[in-house]
Amino acid sequence: MMDSALIPKGVKRCPMWQFLLGLGIVGAVLAWGVYAMLLCWFKGLNQTNMNDYYGFALWIWADLAIIALGGGAFFSGLLKYIVGKDELKHIINYAVLIGFICYSSALLILAIDIGQPLRGWFIFWHANVHSMLTEVAFCLSCYFSVLTIEYIPLILENRQLDKVPFFHNLSHNMHETMAVFAATGAFLSFFHQGSLGGVAGVLFGRPFAFREGLLIWPWTFFLFTWSAAAYGPCFTLLITWITEKVTRKKLVKDNVVELLAKISGWMIFTYTIAKICDTARWANITVPGLGQTLTDFYTGNALYGYWILFAEIVLCGLVPAIILISAPLRKNPTWRVIALLLGVIGVSLNRWVMVLQVMAVPVMPFDHWALYYPSWQEVATTILPLAYGIMLIMISYRYLPIFPQEAELNPIEEETSAAVEAKTESTPDLEPAEA
Amino acid sequence: MKHEQKHNPPMKYGMAIDLDKCTGCGACMVACMAENNVSFKKDESNKLDSITWLRVYKLTNDKPYPNTDICYLPRPCQHCEGHGGHSPCVSVCPATATDYSRETGIVSQIYTRCFGCRYCMAACPYHARYFNWWDPVWPDGMEKYLSPNVSPRMRGVVEKCSFCFHRYQLAKNKAYLDGERTVPEAAYQTACTQACPAGAIVFGDLNNPNHQVHQVVKPDPKHGGKSKNPRAFRLLERLGTNPKIYYLSSREWVRRAGDNYLAHEKTGQVSKPHH
Amino acid sequence: MKVDRRSFLSFVIGGAAGTALSPLPWKLTDDSSIWSQMWPWTPVPPDGEVVYEDSTCSLCPGGCGISVRKVDNRAVKIEGKKGHPVNDGGICILGLSGLQLLYGPTRIKSPMKRIGERGEGKWQNISWDEATAILTEKLTDIRDKGEAHTVAAIAGSDSGTVPALLQRFMTAYGSPNFIRTPSHRDTDELAVKTLFGAIGRTGFDVENADFILSFGSGIVDGWGSPVRMFRASSLWKEKNTTVVQVEPRLSNSAAKATQWVPVNPGTEADLALGIAAVMVSQNMVDTGAVSGFSGWKNELLANYPTEKVSPITGVNADVIVELAKGFAKANRPLALCGRGKGLVPGSLREAAAIYALNALAGNINQDGGMWAVSEADYIQWPDVATDKLASSGLRQPRFDGAGAGQYAKARYLLNRLAVGVNGDGPYPLQVLLVAGANPCHDLPDTQSLQAAFAQIPFIVSFSSFKDETAAMADLLLPDHVYLERYEDVPVGAGLAHQVIGLSKPVVSPQFNTRHLGETLITAAKAMGGSIADAFPWDDYETCLEKTLAEKWDVLMEEGVWVETDIEPVADTVRLAGKDVPSVQAEGDVNSFPLLLIPYDSIRLSSGYIGDAPFMIKTVADTILKGKDGFVEINPQTASAAGFSEGALATLTTPRGEARVRIHLFEGIKPGVIAMARGLGHTAYDGYLAGKGVNVNELIGPVEDPSSGHDAAWGIRAKLAKA
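Here the protein sequences come in this chain order: A, B and C.
All residue numbers for the first sequence refer to this note's numbering, where the first residue is -11 and numbers rise by one.
All residue numbers for the second sequence refer to this note's numbering, where the first residue is -3 and numbers rise by one.
All residue numbers for the third sequence refer to this note's numbering, where the first residue is 84 and numbers rise by one.
There could be a bad hint or two in this list.
[To be verified] Pulled from the structure, derived: some chain A residues nowhere near chain C, Cβ distances all over 10 angstroms:
| # | residue |
| --- | --- |
| 1 | I13 |
| 2 | M25 |
| 3 | L66 |
| 4 | L106 |
| 5 | A171 |
| 6 | I326 |
[What the hints assert, rightly or not] List time: in silico BS3-like cross-link candidates among lysine-lysine, alpha-carbon distance up to 25 angstroms:
| # | chain 1 | residue 1 | chain 2 | residue 2 |
| --- | --- | --- | --- | --- |
| 7 | A | K241 | A | K319 |
| 8 | C | K192 | B | K38 |
| 9 | B | K170 | C | K153 |
| 10 | C | K165 | B | K168 |
| 11 | C | K322 | B | K214 |
| 12 | C | K587 | B | K140 |
| 13 | C | K320 | B | K214 |
| 14 | A | K238 | A | K0 |
| 15 | A | K241 | A | K73 |
| 16 | B | K224 | C | K322 |
| 17 | C | K708 | C | K587 |
| 18 | C | K710 | B | K38 |
| 19 | A | K31 | B | K43 |
| 20 | B | K37 | A | K31 |
| 21 | B | K214 | A | K31 |
| 22 | B | K37 | C | K708 |
| 23 | C | K710 | B | K54 |
| 24 | C | K629 | C | K587 |
| 25 | B | K54 | C | K320 |
| 26 | B | K170 | C | K165 |
| 27 | B | K37 | C | K710 |
| 28 | B | K38 | C | K801 |
| 29 | C | K320 | B | K224 |
| 30 | B | K43 | C | K708 |
| 31 | A | K(-3) | A | K151 |
| 32 | B | K54 | C | K708 |
| 33 | B | K43 | C | K165 |
| 34 | C | K192 | B | K37 |
| 35 | B | K38 | C | K205 |
| 36 | C | K153 | B | K168 |
| 37 | A | K73 | A | K250 |
| 38 | C | K320 | B | K59 |
No wet-lab data here; the hints were simulated from the structure.
For every residue, glycine included, the Cβ atom is placed at its ideal position computed from N, Cα and C.
Take these sequences, add in the hints, and give me the full structure.
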């Protein structure tokens, strides 16, 4: 292979043409997203279906969702470096990579979402310390720097880069100090995940979103941090599982996966209890105190009904929690993946509700429900990070030792490599395995 | 007065709109658009994307014919004071592009500071904030009528009613030149107040007992500025937004339409403060 | 030089660090915020010296005083003039939008002649000299052939010097065909003539009345002088004046009223007579100012007993009795007439019945009552000395038939123009002049009218705007708009006194337009002879100043001239006019089960002036959504037909068909559907054209048997799913 010198030692990668073909296909999707992004930048946000009732819409949901899903990075970092769950070192690289993708995507989407991207830096320059969004911006950018710092040593471990003594030493030293960054990351994540929850929770003009809380932080602040820590690992594990299916290789040992799954299960369980308490308080004290009832929020429109509460709390809360807590179910790959999927859906649904439904519910008694569907430009720019993420994973997986256990789990028989290479046409690595 | 005051006491500009008088003619809306260089598009029938700083809502009592009744309700920015100036929008703006003035009680909007995140719009339950989804384009020649007092907004920023703040500035400058200590009531009136052919809008300083708006509203500082006038109500008063637009109506169903109430609650019921 | 990896990396890293530390990125960042504030396509309005100039608005007959804020030579805002006797600082939505008309792209910017097919929109700019020459040569040719009477002129008004100049031009030229656009004014003048036996109009002292009984008059929907009526409405609220609105639909006026009396459409006259009958039978009438009472009384009591009126009008008998008692017992009761804005003349029977109520309540020429007043007669020009050609032309019958035979009582019958041109007229029309009117949009049965226009060989439009009528013209001689010209504005519009406002040029003419008065004087002079002699003034301004005489100085100083101490034209009402058949809606009940009524909204300019972009912006999305117009329908009627909110439907009437959307509205009588006037333009620009349905295309004129005036209040209709 042309690039065999770059490929980590002891692992096998698909032929170059397959890699490039896959990259090309995903790249086309990416180009579509970039086109939509340029439309939004040059023609303005009239390219979207947002309006004065939907100032926040698909993008902000995508932002909140991918940041929650990227929460696997800070939480596994916390578990490994601070709590001392050392087994997680076998998955932490991937968690960091996924986190990096999620956070860079979130920043990109924010840059498209604002009406005056050239002035985006005003959020730092003219910062209003009372605004949850200011807190988000600061913590998000800082944490993104942390993720970058965590990702850099991984890049430097590339076979060729590692040969440069400076890089080798840099990488080594960075590894040494990673605990500091993990701690910083966890601290920052606590605040930005929380302040994203605060974004909705502080809206005292919107009874559907508004929550009382502790000091300046509404309950959603804590719920968001908690749910990101709980559901983030689900996403890390789900992506790992998908990667294994696509590459047709076992990449992470079961004990590592099961450990993280179990922790996630308990986190989801405790989160769901907290969510139930929050919902009960909100429904019985906050909302009636403002002259409204849940009926106002869940009836009288075509989409938002009580099913959401059931889906969020039971179907995507208690159900995955129980599956992941119960050892036999957790150890069964099918059940586990179902639970992970439900978890990912659950946290995404929660973020949807806290963004989109907030906009949809009328507040003035004579106002009406406002429903919305995204324009293709919004969809394309939301898929853009997905394509970019897949590409970054493809490249990173190919050239970097992301999975420390890969070589051990997939020993190569040296003598057949040339022959296999010629025949691999029939087994393209990049196509998903049959379901 | 025992001591000569060096600084004027803070003002609190507000409005009383008599819904019994309002005819829904829309003059206030257009007076506002003309005064404030509000842009317009070829199709403005999508009201979710139509910049109208002052929007007139049509309320109905939902009773079948012939007991139907309608009422128009003009809704400018409510210039919420919230608690201590923390109006819903001001507290969320990440770039301090909107602010609550302690001098006038006016919620400002700095278009050149705003970078268009629209968080303030999400925060405002009155939908008083509008985003410039499009570049403002005036048909050929029409830009001639644009007033230099209010800068046209650029695409991608949020705008809203400013209580014609430029009129305040002009009145304040004039008062200063005239050697007056305060801005006289008649010297500062919003464009909508001035235009209203039914005389339904009264505007002035809610803190000043000499101003008509104070006399009509009789705000009760002990109860968060709630009006002592039994005909008066504020929109969504229970949310704690503490708005400065008071509405007057002799019709109970109209007053009830101003806020959310549980079935058993009386109109005018207040909520416990949640802050 | 060999670049090794280390030096390359050092270069890159050093370069990046150096750039970051240099002022460049910071400067660029800072600049970006400045660029994003100053895109060249976002206008920056130039500053300058601010002055206010007062004038009079003539966009509607209301006659409000306005104060225009100017920055240097630009008019930037129109406000109501404080202290003005009509509007005292208030202003309506149309008046506020005036600058969009002044500076808007729908202005006709130069005289033009048609070079393409009619209505194709292909024009060539020409000079005023050429334009005048085309007009005068055409007119002279026709006149020389002895066919001067085949020229007609349509004008939006017949009072004030400019319409008077046009009338004078027609007289000197030799045509009897000056036609004023129809409005309730026609019927009002006829009712005054019939009941009072004198020439004049009614005026209403609404401010001092204490019981208002409005038969569909859009008190806050643009009736009379709109701002004055808004102010009166608020005054009534303050004084707790009882206001009763009789109307099939809960209009804004009905919503403001103390009581809304939904009535079967078209039966207002019956209700008025029913109320009169109760008043008479219960001896609650004042016959002091009434003549011919005894005979009228007997017929009234025989034909309009409550039990008969109630089923006709759909109003409960006890409501009728209560209304009669309330009206009769009030100190200063006042009944108003003229549906909506009063855009349709209406029937004499209805006006006579409602005015009779006023007479029987004893409020004629009283404070808070109905006055019969004359127009201010300041236009005292010597009679035109007509030459032979003119005299013979003037002896010809009018093209619209007004003033003779069955139409003897009518002065103008524009509603008969279409049938005239389409074959029924006494002679073919050769030239049509149109000033201050847009009949191709505003007249009922628009299609027939447009077809008629297509057959008229030569049409001249004096419109300032690219309206539907201008689109049908051959020659455009655009007038200045009101903010660019001097003009006297005599105000009728239901005022109980005489008011004359003065429009002054607030800004210099923006385009190559010319004052209509000037155009007429120039044309007359060019035609020479007796026509030129009839126009002895050097220019329009001289004409205006001389005509106004002593009022000129007052008007230049004050902007308005008011005569409150006026002698009524007569004191006694001769009761008459009720024994005429009532006007029925066109169409048969079986094919067309519903009744379509047009309604007026102050937010929709429904006269000669098209809605400005600002106004259209205020129109609710239940009246106009995208390109679709709505019909209002009672949910009960709608659900029987299977229509839900926003559904598309085909609305068919005997006159036309349109695609509409359904708007469910509880405030409309079941079986009745309503549609806003003023939409469905095809001309103007993208801000107005193609929006909604022109209800005039669905309704045809129905002649009032007494006069021939259009008295259509609606038409039978049906709705089908589209």
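Against the structure, the hints come out as follows:
Its beta-carbon lying about 32 angstroms from the closest one in chain C, I13(A) satisfies the requirement of being farther than 10 angstroms from that chain. Interface exclusion of M25(A) from chain C stands, the closest Cβ pair being 18 angstroms apart, more than 10 angstroms. Listed as outside the interface, L66(A) is consistent with that label: its C-beta sits roughly 32 angstroms from the nearest C-beta of chain C, beyond the 10 angstroms cut-off. Taking the minimum C-beta to C-beta distance to chain C, about 4 angstroms, the non-interface status of L106(A) is violated against the 10 angstroms cut.
Consistency note on A171(A): stated as away from chain C, and its beta-carbon is indeed over 10 angstroms from all of that chain's, at 28 angstroms minimum. At roughly 41 angstroms, the least C-beta separation between I326(A) and chain C is larger than 10 angstroms, which holds for a residue marked as non-interface. Using a Cα cut-off of 25 angstroms, the hinted pair K241(A) and K319(A) holds, with the two alpha carbons roughly 12 angstroms apart. At roughly 22 angstroms between alpha-carbon atoms, K192(C) and K38(B) fall within 25 angstroms of each other, so this suggested pair holds.
At roughly 18 angstroms between alpha-carbon atoms, K170(B) and K153(C) fall within 25 angstroms of each other, so this suggested pair holds. A hinted pair counts as satisfied when its Cα atoms are at most 25 angstroms apart, and K165(C) with K168(B) qualifies at roughly 22 angstroms. Simply put, K322(C) and K214(B) have alpha-carbon atoms about 22 angstroms apart, close enough for the 25 angstroms limit, and the pair holds. Restraint check for K587(C) and K140(B): satisfied, since their Cα atoms lie roughly 19 angstroms apart, inside the 25 angstroms limit.
For the hint linking K320(C) to K214(B), the alpha-carbon distance of about 21 angstroms falls within 25 angstroms, and the restraint holds. Proximity of K238(A) to K0(A) is assessed by CA-CA distance (about 13 angstroms); at most 25 angstroms being required, the pair is judged to hold. Annotation: proposed proximity of K241(A) to K73(A) holds, straight-line Cα distance about 15 angstroms (limit 25 angstroms). Restraint check for K224(B) and K322(C): the C-alpha separation of about 22 angstroms stays at or below 25 angstroms, so the hint holds.
Note on K708(C) and K587(C): the hinted pairing is violated, with a Cα-Cα distance of about 38 angstroms set against a maximum of 25 angstroms. Taking the CA atoms of K710(C) and K38(B), the gap is near 11 angstroms; set against the 25 angstroms cutoff, the hint holds. Distance check on the hinted pair: K31(A) and K43(B) sit about 21 angstroms apart at the alpha-carbon level, within 25 angstroms; holds. About 15 angstroms separates the Cα atoms of K37(B) and K31(A), which keeps this hinted pair within 25 angstroms; it holds.
The hinted pair formed by K214(B) and K31(A) fails the criterion: a straight-line CA distance of about 49 angstroms is larger than 25 angstroms. About 14 angstroms separates the Cα atoms of K37(B) and K708(C), which keeps this hinted pair within 25 angstroms; it holds. Proposed proximity of K710(C) and K54(B) is supported: the alpha carbons are some 22 angstroms apart, at most 25 angstroms. Our distance criterion of 25 angstroms between C-alpha atoms is met by K629(C) and K587(C), whose separation comes to about 16 angstroms.
Proposed proximity of K54(B) and K320(C) is supported: the alpha carbons are some 20 angstroms apart, at most 25 angstroms. Restraint check: the Cα-Cα separation between K170(B) and K165(C) comes to about 20 angstroms, which is no more than 25 angstroms; the hinted pair holds. Restraint check for K37(B) and K710(C): the C-alpha separation of about 14 angstroms stays at or below 25 angstroms, so the hint holds. Proximity of K38(B) to K801(C) is assessed by CA-CA distance (about 31 angstroms); at most 25 angstroms being required, the pair is judged violated.
For a cut-off of 25 angstroms, the pair hint linking K320(C) to K224(B) stands: about 21 angstroms separates their Cα positions. A threshold of 25 angstroms between alpha carbons decides the hint, and for K43(B) with K708(C) the separation of about 9 angstroms falls inside it, so the pair holds. Simply put, K(-3)(A) and K151(A) have alpha-carbon atoms about 13 angstroms apart, close enough for the 25 angstroms limit, and the pair holds. Annotation: proposed proximity of K54(B) to K708(C) holds, straight-line Cα distance about 16 angstroms (limit 25 angstroms).
With a CA separation close to 33 angstroms, the supplied pair K43(B) and K165(C) exceeds the 25 angstroms bound. Note on K192(C) and K37(B): the hinted pairing holds, with a Cα-Cα distance of about 23 angstroms set against a maximum of 25 angstroms. Simply put, K38(B) and K205(C) have alpha-carbon atoms about 23 angstroms apart, close enough for the 25 angstroms limit, and the pair holds. For the hint linking K153(C) to K168(B), the alpha-carbon distance of about 21 angstroms falls within 25 angstroms, and the restraint holds.
About 13 angstroms separates the Cα atoms of K73(A) and K250(A), which keeps this hinted pair within 25 angstroms; it holds. The straight-line distance between the Cα atoms of K320(C) and K59(B) is roughly 23 angstroms, inside the 25 angstroms bound, and the hint therefore holds.
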